[in-house]
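**Student:** Under my numbering, think of the first position of the sequence shown as 1, with each following residue one higher.
Do not rely on the hints blindly, as some may be mistaken.
Claimed, not checked - Within a straight-line C-alpha distance of at most 30 Å, the following computed DSS-like cross-link-like pairs (lysine-lysine) qualify:
{"no.": "1", "residue 1": "Lys63", "residue 2": "Lys105"}
{"no.": "2", "residue 1": "Lys63", "residue 2": "Lys145"}
{"no.": "3", "residue 1": "Lys105", "residue 2": "Lys66"}
{"no.": "4", "residue 1": "Lys145", "residue 2": "Lys105"}
{"no.": "5", "residue 1": "Lys145", "residue 2": "Lys171"}
{"no.": "6", "residue 1": "Lys171", "residue 2": "Lys66"}
{"no.": "7", "residue 1": "Lys105", "residue 2": "Lys171"}
{"no.": "8", "residue 1": "Lys26", "residue 2": "Lys105"}
As the list claims (entries may be wrong) - Simulated DEER-style distance windows between Cβ atoms:
{"no.": "9", "residue 1": "Ile187", "residue 2": "Lys63", "range": "31 to 41 Å"}
{"no.": "10", "residue 1": "Tyr79", "residue 2": "Lys105", "range": "37 to 47 Å"}
{"no.": "11", "residue 1": "Pro127", "residue 2": "Tyr79", "range": "18 to 28 Å"}
{"no.": "12", "residue 1": "Gln47", "residue 2": "Ile168", "range": "44 to 54 Å"}
{"no.": "13", "residue 1": "Ile173", "residue 2": "Tyr119", "range": "11 to 21 Å"}
{"no.": "14", "residue 1": "Tyr83", "residue 2": "Lys171", "range": "33 to 43 Å"}
{"no.": "15", "residue 1": "Pro37", "residue 2": "Leu133", "range": "30 to 40 Å"}
Hints in this document: simulated from the structure, not taken from any laboratory.
For each residue, glycine too, the CB sits at the ideal point set by N, CA and C.
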Amino acid sequence: MKKIILTLALIAAASFGASAQHLAVKTNTLGWLTTTPNLGVEIGMGQFMTLDVDGAYNPFRFKDEKRIEGWAIQPELRYWFDYKYSGQFIGLNGQHMDYDAGLNKYNYLGNMYGVGISYGFAFPMSPRWRLELNIGAGWTRWNCKVSDRYYNFTRNDAVEGVIIYDPIVNKDIFGITRLGVTFTYLIF
């Protein structure tokens, strides 16, 4: 979480030195629906370019030792066809996520990183508020350790309370890398 805050602060501080800049804060409602609080900043970089950096943090534990914990950051460089923060845009994005998820009978511990391209549209709702829809596709690399600690103690070397991980599983996936229904507020 400290890395996300530091990255967002550095990007925001760097944006104040240029003229004709805009700064916006945003949140993706789809993230909140999946119990993942998120917040982002978008910085104007001229008339048609912006840099969007979204961060998410999920600290939740549920009953029966189920949990989805982790953090993610997703920067995106955007080109707006009409004017920044309004109308259509295309973007080039990257992502990184660290996670620890206890689901069903397995625990997954690892990280993910990747790149993608996106397309979106921002609808002005007022002079300061925007509703943004976007979708992106690309490549992600998942590095994951898997354990059967939570519900399956049939292995000879499994001891209750000790996590025994299988070797790291690396998987490359081509598919959706970004999906958003985002509310944006222009600060200045």
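**Student:** Determine for every hint whether it applies to the structure shown.
**Tutor:** Okay, the hints, checked on the actual structure:
Restraint check for Lys63 and Lys105: satisfied, since their Cα atoms lie roughly 13 Å apart, inside the 30 Å limit. Pair hint Lys63 plus Lys145 holds up; C-alpha atoms about 22 Å apart against a cutoff of 30 Å. Of the supplied pair hints, the one linking Lys105 and Lys66 holds, its CA atoms being roughly 9 Å apart against a limit of 30 Å. Taken as a hint, the Lys145 and Lys105 pair is honoured in the structure, with Cα atoms around 14 Å apart against an allowance of 30 Å.
Of the supplied pair hints, the one linking Lys145 and Lys171 holds, its CA atoms being roughly 11 Å apart against a limit of 30 Å. Our distance criterion of 30 Å between C-alpha atoms is met by Lys171 and Lys66, whose separation comes to about 23 Å. Using a Cα cut-off of 30 Å, the hinted pair Lys105 and Lys171 holds, with the two alpha carbons roughly 21 Å apart. For the proposed pair Lys26 and Lys105, the alpha carbon gap of about 36 Å is over 30 Å, so the pair is violated.
For Ile187 and Lys63, the Cβ-Cβ distance of about 40 Å falls inside the hinted range of 31 to 41 Å, so the restraint holds. Distance hint for Tyr79 and Lys105: a CB-CB separation of about 45 Å, consistent with the stated range 37 to 47 Å. Taking the beta carbon of each, Pro127 and Tyr79 are about 23 Å apart, inside 18 to 28 Å as hinted. Checking the proposed 44 to 54 Å range against Gln47 and Ile168 shows it holds: the Cβ atoms sit about 46 Å from each other.
The hinted window of 11 to 21 Å between Ile173 and Tyr119 holds, with their beta carbons roughly 20 Å apart. Range check, Tyr83 to Lys171: about 40 Å between beta-carbon atoms, so the 33 to 43 Å window is met. Against the hinted window of 30 to 40 Å, the Cβ-Cβ separation of Pro37 and Leu133 comes to about 20 Å, which falls outside the hint.
The structure shown violates the earlier hints numbered 8, 15.
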